[in-house]
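Chains as they are written, first to last, in the numbering used here: chain P, 1 to 980; chain G, 1 to 457; chain V, 1 to 180; chain R, 1 to 217.
Worth flagging that the hints you see were computed from the coordinates, not collected in a lab.
Please note that a few of the clues may not be correct.
[Stated by the list, open to error] Using 27 angstroms as the maximum straight-line C-alpha spacing, the simulated DSS-like pairs for lysine-lysine come out as follows: (1) R/Lys134 to P/Lys57; (2) P/Lys132 to R/Lys137; (3) R/Lys84 to P/Lys57; (4) R/Lys204 to P/Lys64; (5) G/Lys224 to G/Lys283; (6) P/Lys92 to P/Lys516; (7) R/Lys104 to P/Lys64; (8) G/Lys224 to G/Lys33; (9) R/Lys137 to R/Lys104; (10) G/Lys362 to G/Lys301; (11) R/Lys137 to R/Lys84; (12) R/Lys102 to R/Lys117; (13) R/Lys134 to P/Lys64; (14) P/Lys486 to P/Lys516; (15) G/Lys283 to G/Lys362; (16) P/Lys612 to P/Lys543; (17) G/Lys283 to V/Lys132; (18) P/Lys57 to R/Lys204; (19) G/Lys301 to G/Lys283; (20) R/Lys137 to P/Lys57; (21) P/Lys875 to P/Lys57; (22) R/Lys117 to P/Lys64; (23) G/Lys301 to G/Lys224; (24) P/Lys875 to R/Lys134; (25) G/Lys17 to G/Lys298; (26) P/Lys516 to P/Lys612; (27) P/Lys64 to P/Lys875.
[Stated by the list, open to error] Simulated coverage check for chain P against chain G, where a stretch passes if three residues somewhere in it have a Cβ under 8 angstroms from a Cβ of chain G: (28) 339–347; (29) 585–598; (30) 647–656; (31) 779–790; (32) 957–970.
The beta-carbon is built from N, C-alpha and C at its ideal position, and this holds for glycine as well.
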Amino acid sequence: MTEYWKSLNEPSSEQDEFPELLQIGSHGFGRRGFLKAAGFSFAGAMLAGCSRAPVEKAIPHLNKPEEITPGVAYHYASTCGACSAGCGLLVKVRDGRPVKLEGNPQHALSRGALCAVGQASILGLYDSLRLKSPLRGGTQAGWEEVDREITAELDAFRRDRKAVRFLSPAILSPTLRHMIDRFLQGFPGARHVVYDPLSCSAILDAHQATHGARVLPHYRFERAEVIAGFDADFLGTWISPVEFTAGYAAGRSLEGEPARFSYHIQFEPRLSITGSKADRRIRVAPSELETVVAHLAALIAMKAGAALDLGPLGPPPAPLEPLADRLWNARGRSLVVSGSQDVTTQVLVNYLNHTLGNYGATLDLDRPSAQRQGNDRQLEGLIGELREGQVAALFVYGVNPVYDLPDGEALARAIQKVPLAVSFAERLDETASVSRYVCPDHHYLESWGDAEPVSGVLSLTQPVIRPLGDTRSVLESLAAWQGIRKSAYDLSRESWQASVFPRQTQEKSFQTWSDKAVHDGCVEVAPARTAIRPFSMVAVERKPPARAAFELVLYPKAGMLDGRHAYNPWLQELPDPITKVTWDNYACLSPTAAANLGVSDGDVVRLEARGKTLELPALIQPGQHDRVVAIALGYGRKETQRFAKIGPAWLHRRLSVGEDGYVGKAASPLLAFSGSTLRYSAVCDKIGKTGRRQELAATQHHHNIHVPKELGGERRPVIEERTLEEARRRGPETGHAADLWPPDHAVPGQRWGMAIDLTACTGCSACVIACQVENNVPVVGKDEVRRQREMHWIRLDRYYSGEGDSLTVAHQPMLCQHCEHAPCETVCPVLATVHSADGLNQQVYNRCVGTRYCANNCPYKVRRFNWFDYPHEDKLQNMVLNPDVTVRSRGVMEKCSFCIQRIQEARIEARRRGEEIEDGDIRTACQQTCPAGAIVFGDMNDPESRISKLLESPRRYHVLEDLNVLPSIGYLALVRNRDT
Amino acid sequence: MATVYSVLRRPLIEGDKSLSRVTEDVCASMERKPSALWWGAFLAALTALLAGVAAVYHLLTTGIGTWGLNRTVGWAFDITNFVFWIGIGHAGTLISAILFLFRQSWRTSVNRSAEAMTIFAVMCAGIFPLIHMGRPWLAFWMFPYPNSRGSLWINFRSPLVWDFFAISTYFTISLVFWYMGLLPDLATIRDRARPGFRRSITSFFCLGWDGSYRTWLHYETVYKLLAGLATPLVVSVHTIVSWDFATSVIPGWHTTILPPYFVAGAIFSGMSMVLTLMLVVRKAMRLEQYITVDHVDKMCKLILVTSMMVGLAYLTEFFTAAYSGNRYERFAFINRALGPMGWSYWVMVVCNVLAPQMFWSKRLRGNLALVFAITVFVNIGMWFERFVIVVTSLHRDYLPSSWSSYAPTSIEIATLIGSFGLFFSCFLLFCRYIPVIAISEVKGVLSYGRSRPGGRS
Amino acid sequence: MNRRHPSNTRRTLVGFFEDEQDILAVTQEVRRAGFKIADVFAPYAVHGLDRAMGLEPSRLPLVCFLLGVLGAAFKVWFEFWTTASAWPINVGGKPWNSLPAFVPVTFEVMVLFAGVSTVIAFFIVSRFWPGKKAFIFDPAVTNDRFVLVLEETDAAFDPARLRRLFHEHNAVHVEERVED
Amino acid sequence: MNQRVVTWVLVVGLGFSFFMLFGKVGAFRLPGNQQGYEPVQPIAYSHRLHAGELQIACLYCHSGAELSRHAGIPSANICMNCHKFVTATLGAMHAEDDVAQKEKRPPRRLVSSELQKLYDALGLNENLERDPAKEQKPVAWVRIHKLPDFAYFDHRAHVGVGVECQQCHGQVTTMERMRQAEDLSMGWCVNCHRDVNRTGVAGKPVQASIDCQTCHY
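The shape of chain P in the complex, shown without the other chains (with noise of 0.2 angstroms):
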């Protein structure tokens, strides 16, 4: 059923129950083009005074495309815009429109996966606010006039010799970077300063001063056996999670041939994700990290028995030594990674890594990634010259400095002074509204591109749909003002055959391999030639580590990285994987500081750095370091505005901004410069109560495996976790229990089932975003939230036990579990819930009449209820919906379905062709988006399917199992590879 055309204000009649989703007939916005694109398609229509249902039109094409079938779903490679990894694609496209992003497993790097950042990337497409068309001086403008006007005062500045800047991120795109040094270069004395918003300068600074070249070496995680973590996320936020993820989880499966675990240990000031993955976790002060990596290094250098000198160093911390055995022994299959913005440290970093020969091992220089460029040298350096008037020319894509970097106000102003500021921000961000230009940039999704994220991998980047504004690729925009009037399309082709047709040696003709690559998406060719020298120490000066009361951490959370996605409802309301709030930043502290402060979850606290002060609600993070206090950034973000009244209107209803109509709070303010490179590190000067009270939209409220103490505080044995040597002993096999009933029912065919790695599992919520954009799940808006109505299908169980240095975390993907004896079915009373012949628990929205008894019956909590009519009133964005899964209304049940839509498809496609369904055919969105791989879903029924291989494994355990439910979703047992 195409039902995506019915238009909204329907008389609800049994046919009609749910609320429709688009009407595109009465929605001016890119019609034309978009009926050609879109197929057959049906426009809504009432009829006045009509006795049966309404008139439907049903407009055919006029001249079809010979290669589009109405209905049937194309997917097409490209290339992930959403961040700097360079993630692969394939785009679903069903009837002209993109409906869902999956991984592209041909992709080098990511191997099919996708974040949950990539995930959502495509509401952007969908964003009613983007700029539909150029702006001059923040009013509409046409391109013509924009271009004349801008290529005229550019002439003028190369006349007089201006300063022109073009301030961007790291760029993966070979064919933009050519182009921008092409328009540069017609500028005497002009610049392109690069910075990442999430900064790794230090690293390339230190690998200028070790190896004598500004690079970013690949980080191979699969190799790894030994990984020593210094404060680097890089299973969450950390240069390209997806990647690591997938390299980390690899270097950590028992059922690979051969089994693998590696050994992790996390040094980090917050719990982040890496940490909560780690096998040994311990907490330092960001202050204190310098000099455990210089005891380390000494350590290591002892037993090398290479002389380093570090000045005075007391005693060594005690997990040290230890740590420095396992590394020295796993020599060259070891890897040491740090995050810090301290180039000292990482030049440190560099020296054990290279000590312990792991340079061309797990570190590639000769293939370096191209994911962070940024210098932040450079940018200080610009920055300086905007104060003071000497930048004639600024142009910005791909980065908010006016958001990014800290006095933002200041770096507004200056940017105002600019003669020619041109931004090409696709949405009215805080640095665009204060250039005199914008110049829209395309979605992504809609232009011609490309991307080598490490040398040597080329990525590329197809339109899956016409720009649905009048908006225009970069590339496009920078060749104009040079005289230069070509597509974006030949461009990149041109590109191609230059500087990367060359670099490979199989394909004789152009035309076939750029086919072969854009049908790919993913090629390999040879690297670009860098010219790295040998390592060699250079003298490290260490100043002491200035102490303090409270130390300050700014960190990307998973969802919303620095912000750059703000305007995305989804991640907004993704709850964070760690603290599992949504909708809003906060102060995190330890218990003990929390308790030494007298402050609580929701206390909102004021706090000094740097001269600025920031005010928000306390949150109580365990396995935080005691002196710090971290706060998230990417929040208070301008495109927040927009979210002042999402979520159902009703008497009680809350708004989801503060008062100041943004959602949470600014943090980079509190960022500075310091030793050349952008600090998110500081010494927090004061900290304290106000006394006022902001309630955070948590989605987990009791967070540890224990009940309270006061109530007994047994363990709930929800999690199995064992040690390595336990896994690797083989565990007793848990009996079927006996059932009272007659085998009523038998499953000859297919039985659906599931198997999640509770091992692999790092609570990244990739799978949430992906379900949430499959499935149509809402978005409920904060004060829902925070009234525990969130709609996510499958959600992350976050447990603690212990804390501090001892405090471990297991993350659980959670979703209907499909039980055989489900609870649910037995107590409906219509049989709106009931099993299918194939072992999947049914949820039957139509029939639903809401009693909410078979949620009070689930043991495990996962079936979710439409309180309300969630809006769909932006039509635009309704867009995004998928048109095989029902748009569910008011007072109906809903859950996890195991992705039935992509079971019948399979099915019937399987039966058109006349082939059997093939292991792997069907993968649920979750499993499909999921970097480390952990969840397997399939025919329980086939003795050889991964699931069944999987379900045999001596790990394999059921939640609440002796419910004897007989749930359908195995859970693989966490292990940690240490003693207890």
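Please build the complex by placing chains G, V and R on the supplied structure of chain P, with the hints as guidance.
Okay, now just chains G, V and R, sitting in the frame of chain P:
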């Protein structure tokens, strides 16, 4: 006339009434103009009812989200109120049916109003299962009717379906039972009334009752039969209501003790509600000689007994939980008493178990003001009993990750108030327009406790 | 009950009493004397009066029983048919024929059928329907009067003797009625 | 006779209620049942002529039925495959040819009023060539067969196993104007699915699931 009082049994009706006197006394309140007190009470009840209507309107137009429920606590005020009212509804049938079968003639002075109360309570109760649905306009899907879905029937395994049948049956039978009892009295009113509206309406509804003894014979038989049917029915209804919880898998719900526990509780709460109302009625309507201190005393004893039964149930629950060795079960009950919602548990215990202990003393049983207070306490306590069972069991079940809390919204509270409004409006109208005492039955027991030597001499 | 024959006239002797004991006694005597008692009217169900009048016990319990059984049987069949036969649907892995789960509804339906049908039957046997015009000997019958009605059927009928009998049992008033 | 009246009223009443309960409720037309819907279409296209007389296969125009969930309404260019040449009723064109032969002149092109609508939609000039001046406006057909939005029907699954189009769409070959032949109710679907599990389709055994999520998800 010389009357000799039996030394063995005190008469049920005081003041040596003659047959016609009884008629006079009972009908008096219907025939005189409503008092200011009545009007005050009625308007108050009506206002409460309107508040409820407004709340329900907002609910139906906006969604269940207007209640304080969440993903973990799917039922709270709605089902609490439902069970509460159903419980209230049990006293009527108990008094009229069970006491009838046990030949408890004292019931005759209270059974009429108790039955009326039953009907109104069941009406209030019936509202909640309806409005607690996400899509109440589809409530008719609960009924197994042939349909164009090939026929798709309903799930007879679901306790909610059992509930649906139990409640509707209970309501129908109670109504019929009540109406049967009403027939002769309607005739009485008909024959007293001057020609006009009252007479025509009563003569329409009394179906042409003429007091023929042949009719009386059948009538008595039917009354016995209905009583015989209603007795197991009343037990079954609350048993089934308890199965809504007992058949689930939620710790704190999934207990075999619930059925007897619920039935006892129902009688307990029903009795106290009857007593609350009777104490007011006998004063306001000057029926002290019909509803005597003796009646009150008997009912107090019943309340005391049931209170002990309920108290025993509370203890047994904890014992079974502790003895079961089931960690979830054990936790559910510890949490019930000491968890974040423990206060509601202790309100329940104080009101239901401790307060009624005063009824051990005959003197206190005679102190009507105190009795009134205690019965009100019991009603509050019984409401909280249901709240404790529904909410505290749900809000912390198996997975600690989905533990949550619950707080009612103004809408829910208004709905509860509204249900009381409905109940009292109906009851006040009943007091006004229908004999609150079964005239013919009272006449039947007038002789009880006195003997007359050979009629008039 | 007033069985009227429009064709031929009907003569009755009616006695009014004020007390339960009186009506019981007089009814017994009249019956012993072999007169045909047309009917007795009372404001409430006087115990023992049925024996005094020599009435058969009501047969309504039979109706109640049969309809109850019928209702239960029908419901059991219906539940089995819908859940296990017409459209068997796997509900929580429970057996197709979950007999125990059918018991509650069956019971309720049994009670419903039995109860309602008995009452309907009662209305039928005593010729009740809404708005029926009742035949009233005396409005006080529903208040405090007991009325004994004798039908003058044959020659043996002796009004004088009966009047005496009535007055012995403190009849407040005796009258003869002729209807046609 | 009063008692007789009462008895009759009761008997009739009970009888009626039983009829309501177990009589053919399906006979009543329920809301949402569009059986017999036969709207006027923008172009008076005749299935009788094309599918009946000329015996053009259903899948020639509704090609989607094999490959996609939607059978699809043919795009105008499909029509033009024939109507590039056939511009009016065959009789009229033959007559014109004869006249033209007599008068020794090339035959004039006759264009029927209905086909003119098609050409207008495509923005063609009188020689049936694209006229850039004219705006193209797709033909807005009135949709007849539609299921509620929570029911997912897939043509592939049915055409694939050889279910006749007529089974659901009725005797299209006799319909001058398209009409909804069946009521497309859930019962109608389910009963067919039940039957074919016993009888099979066109001799071949099939398994047609009657799980809820065959159609509802």
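Evaluation of the provided hints:
For the suggested pair lysine 134 of chain R and lysine 57 of chain P, the alpha carbons sit about 23 angstroms apart, so the restraint of at most 27 angstroms is met. For the hint pairing lysine 132 of chain P with lysine 137 of chain R, the CA-to-CA distance comes to about 26 angstroms; that is within 27 angstroms, so the pair holds. Using a Cα cut-off of 27 angstroms, the hinted pair lysine 84 of chain R and lysine 57 of chain P holds, with the two alpha carbons roughly 26 angstroms apart. Straight-line distance between C-alpha atoms of lysine 204 of chain R and lysine 64 of chain P comes to about 35 angstroms, which puts the hinted pair past the 27 angstroms bound.
For the proposed pair lysine 224 of chain G and lysine 283 of chain G, the alpha carbon gap of about 31 angstroms is over 27 angstroms, so the pair is violated. As the CA atoms of lysine 92 of chain P and lysine 516 of chain P are separated by approximately 19 angstroms, the hinted pair is consistent with the 27 angstroms bound. Proximity of lysine 104 of chain R to lysine 64 of chain P is assessed by CA-CA distance (about 40 angstroms); at most 27 angstroms being required, the pair is judged violated. For the suggested pair lysine 224 of chain G and lysine 33 of chain G, the alpha carbons sit about 36 angstroms apart, so the restraint of at most 27 angstroms is broken.
Taken as a hint, the lysine 137 of chain R and lysine 104 of chain R pair is broken in the structure, with Cα atoms around 38 angstroms apart against an allowance of 27 angstroms. Under the criterion of a C-alpha separation no larger than 27 angstroms, the hint pairing lysine 362 of chain G with lysine 301 of chain G is consistent with the structure, at around 10 angstroms. Simply put, lysine 137 of chain R and lysine 84 of chain R have alpha-carbon atoms about 18 angstroms apart, close enough for the 27 angstroms limit, and the pair holds. With a C-alpha separation of about 31 angstroms, the suggested pair lysine 102 of chain R and lysine 117 of chain R falls outside the 27 angstroms cut-off, and the hint is violated.
Restraint check for lysine 134 of chain R and lysine 64 of chain P: the C-alpha separation of about 19 angstroms stays at or below 27 angstroms, so the hint holds. Distance hint between lysine 486 of chain P and lysine 516 of chain P is fulfilled; the C-alpha atoms sit about 23 angstroms from each other, no more than 27 angstroms. For the suggested pair lysine 283 of chain G and lysine 362 of chain G, the alpha carbons sit about 21 angstroms apart, so the restraint of at most 27 angstroms is met. At most 27 angstroms may separate the alpha-carbon atoms for a hinted pair to count; lysine 612 of chain P and lysine 543 of chain P meet this at roughly 25 angstroms.
This hinted pair does not check out: lysine 283 of chain G and lysine 132 of chain V have alpha carbons roughly 37 angstroms apart, beyond 27 angstroms. At roughly 37 angstroms between alpha-carbon atoms, lysine 57 of chain P and lysine 204 of chain R are farther apart than 27 angstroms, so this suggested pair is violated. Proposed proximity of lysine 301 of chain G and lysine 283 of chain G is supported: the alpha carbons are some 21 angstroms apart, at most 27 angstroms. As the CA atoms of lysine 137 of chain R and lysine 57 of chain P are separated by approximately 14 angstroms, the hinted pair is consistent with the 27 angstroms bound.
Restraint check: the Cα-Cα separation between lysine 875 of chain P and lysine 57 of chain P comes to about 19 angstroms, which is no more than 27 angstroms; the hinted pair holds. Our distance criterion of 27 angstroms between C-alpha atoms is met by lysine 117 of chain R and lysine 64 of chain P, whose separation comes to about 19 angstroms. Between the alpha carbons of lysine 301 of chain G and lysine 224 of chain G the distance comes to roughly 26 angstroms, so the proposed pair stays at or under 27 angstroms and holds. A distance of roughly 31 angstroms separates the Cα atoms of lysine 875 of chain P and lysine 134 of chain R; the hinted pair therefore is violated under the 27 angstroms criterion.
Straight-line distance between C-alpha atoms of lysine 17 of chain G and lysine 298 of chain G comes to about 22 angstroms, which keeps the hinted pair within the 27 angstroms bound. At roughly 54 angstroms between alpha-carbon atoms, lysine 516 of chain P and lysine 612 of chain P are farther apart than 27 angstroms, so this suggested pair is violated. As the CA atoms of lysine 64 of chain P and lysine 875 of chain P are separated by approximately 25 angstroms, the hinted pair is consistent with the 27 angstroms bound. With a cut-off of 8 angstroms between beta carbons, the segment 339–347 of chain P has 0 residues touching chain G; three or more are needed, and the interface restraint is violated.
Coverage of the segment 585–598 of chain P by chain G is violated [criterion: at least 3 residues with CB-CB distance below 8 angstroms; count 0]. Here's how the segment 647–656 of chain P fares: 4 of its residues keep a CB closer than 8 angstroms to some CB of chain G, so the rule of at least three is met and the hint holds. With 5 residues bearing a CB less than 8 angstroms from a CB of chain G, the segment 779–790 of chain P meets the requirement of three and the coverage assertion stands. For a cut-off of 8 angstroms, the count of residues in the segment 957–970 of chain P with a CB near a CB of chain G stands at 4, and the three-residue condition holds.
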